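Using the sequences plus the hints, can you model the full thing?
These protein sequence lines are chains A and B, in that order. End of the first sequence = 433 in numbering that gives the first Met the number 0, gap-free, step of one. End of the second sequence = 308 in numbering that gives the first Met the number 0, gap-free, step of one.
You may find that some hints are simply not true.
Claimed, not checked - Derived DSSO-like pairs (lysine-lysine); straight-line CA-CA distance at most 27 Å:
id : chain 1 : residue 1 : chain 2 : residue 2
1  : B       : Lys93     : A       : Lys404
2  : A       : Lys395    : B       : Lys93
3  : A       : Lys320    : B       : Lys4
4  : B       : Lys93     : A       : Lys396
5  : B       : Lys66     : B       : Lys37
6  : A       : Lys402    : B       : Lys4
7  : A       : Lys160    : B       : Lys230
8  : A       : Lys320    : B       : Lys93
By construction, these hints were calculated from the structure, which means they are not laboratory data. Nothing here was measured: the structure is a model prediction, and the numbers come from that model.
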Amino acid sequence: MIGSDNILIKSGTVFESSSGKEIVSDILIQNGIIRAIEKNINVEGISKDLVVLNCQNYFVFPGFVDMHVHLREPGNEEEEDIGSGSRAAVRGGITSIACMPNTNPPVDREYLVNYILSKSRLIDFKIYPVAAMSKNLEGKKMTEIGLLKEAGAIAFSDDGKCIQDSKLMYEIMKYASHFDLPLILHEEDYSFSNYGLAHEGYYSAKLGLDGISPFAEELMISRDIMLAKMAGAKIHITHVSSKGSITLIKRAKEAGIKITCDVTPHHLYFNDSFLESYDTNLKVNPPIRSEEDRKALVSAISEGIIDAIASDHAPHFEAEKNTTFKDAANGTIGLETLFKASYTKLVREEKIKLSKLVALLTTGPAKILNIKAPAIKVGNKADIAIIDLEKNKKIKKEDFCSKSKNSAFIGQNLYSEVVYTINNGRLEFINKSC
Amino acid sequence: MLSTKNIISIDDLSIDDINLIMENADSFYEVLGREFKKVPTLRGKTIINLFFESSTRTRTSFEIAAKRLSADMINFSASTSSLKKGESIIDTLKTIQSMMIDLLIMRHSDSGVMNFIAGNIDVPLINAGDGKHQHPTQALLDLYTIKKSFKDFKGLKVAIAGDILNSRVARSDIKLFKRMGMDVTIVSAPMLLPENLEYFDSNYVYDIDKIIEDIDILYMLRMQFERQDRKYYPSIKEYNRFLSLNMERLKKMKRGSLIMHAGPVIRGIEISENVMNYAENYSGFKINTQVTNGVAVRMALIYLMLGST
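What follows is the structure, encoded as structure tokens:
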């Protein structure tokens, strides 16, 4: 069954991309291409090797796009590689990812972009490389933005780091605006985050963890809004964490600045009270903030200020997390929980529309990256996630297929389970426990 | 018996636990006054003093306490080597656990490390200070010292002066003092305080002169000017003007009021040279008494954790 490109999806609740409507329908896929979306498709006479997936109780979504992923290849393949990362993605119903350049060496030259693209073709999985804005991610000298674009980079970012030199940032913005590619910005003023381990608030005071003020993020967002306005650049603020940041982005959007933003499932799901356990899987940057901030992020989704949800999938091997909170590395894995965690929190708890969530995981990020969004349409190559929305399971460490197991969601009860994933026209994942 | 296996935070102890520790400390204090300062209570028990951070008084105090109870006490000094450089902390702890010990006393420079360790080993644990988080035995010995001078804790006016932000002593003491009904005022400055003071639930003044005449207890915290993350405080001169104890302020203090400090005192910063020299003549000066009481309180705690059945 796995690997088949002749598939009949029987009686699934289909999320039609053009109308956004939910209709119970069959979908016929032949040679990887969606041929028909109709009720009771007659398959008589169609090839014998047709795989029939009975989907009466399942939802059929376009494959998701995760625009913020750390694949760790090249350089840290013991934590994740392009192969294992894409398997984890498919397991999460994701069929396109953008990968961040902070590998070893960082993706700051053409041959590294080529390397990722050739691997992507080899494993037949859509990986869009994001290239570094500054050489070696040092925040000192601009990379060859034009050449990197020609090699296939779809955006630029120093993610994990923030360029502190404002003049350099401005020059990058001006130059990048010629190429019409977005700059994905991790916003952090180091003078406000030095030594910091947790959101500065009640819990950092209680737990004796040095605080990271929301100013760390908000000051740099303010700066970059000013610079982008002058430079005419397209900026994307990634993993927005604070209420103040939302206010700034909202105003900038109203003022016509080309700004977009994403949030992570972990910032939508947790607040800093979860740190009482000193669970190092919750050590992330930007930090998990207060309940007030978390609520502001959820409201921003309702109001349409957030353009995408992205996982910031950050694999770390066990020893980097199984240590003291101070010594532990920043980051949580997130590919396999991207939909589950967002769906549980936003749709089940906060009563946000399912169609809104799906847009934030498909058309939203695709538009930012200027790539084609997977859509369930006749004539398209099939990129499809089939999901059981009623399943509720406690997340366990041993359930992840990512090479690293550092998930913030271990121990949480999450709704939904991906049952099948069709990637690039082929059935690529079957969940045996469903 | 105490209601908790590990003592990581002062909040781990119930009021009954605290009263029990205070009562037992009285008995052990009496032992310290004897010519033969030792009881056989914990013969055959093995205690490890595992210090990842340098310490003289706390480590020695625990060592003396254990020895006066006839337990075997082994000091284990370890450096906080990061995992890239050497053995991981969890492997060090597993090694020590394998030596079949009865109690682990530990200090480390990272906040929350005890919570992490307690989740990974079975041996009972006393936190002898973790980063900026907690130092519960200091709070207990401070409470014991106060108890010996006042009939009742309720309504006692305590001022805690100095670097609250970076102090594990403040986090443990303020919580305990508040629980016992004392009225706590923080004397500090914004750069020495957390942005959010809600957790401490205390009054706050920036100038020691505003409260010096009214308080029953002045508790001074150590100010480490040399630490990089404390660079925002302007100078020692500024500190002396607003936060230090000098002769003039000492004279304004109420009769019977106490001066306390977790030590080591840095002369000329928290407390002036003059006051330190004059201290022996002033019965309210408790800094050395705290050290003596610390041995009695730690004996009580170790006894209640290992010996009372």
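Going down the list of hints, with the structure as the test:
no.: 1; hint: B/Lys93 - A/Lys404; verdict: 22 Å, holds
no.: 2; hint: A/Lys395 - B/Lys93; verdict: 24 Å, holds
no.: 3; hint: A/Lys320 - B/Lys4; verdict: 26 Å, holds
no.: 4; hint: B/Lys93 - A/Lys396; verdict: 22 Å, holds
no.: 5; hint: B/Lys66 - B/Lys37; verdict: 8 Å, holds
no.: 6; hint: A/Lys402 - B/Lys4; verdict: 36 Å, violated
no.: 7; hint: A/Lys160 - B/Lys230; verdict: 24 Å, holds
no.: 8; hint: A/Lys320 - B/Lys93; verdict: 17 Å, holds
Taken one by one, the earlier hints fail for this structure only at number 6.
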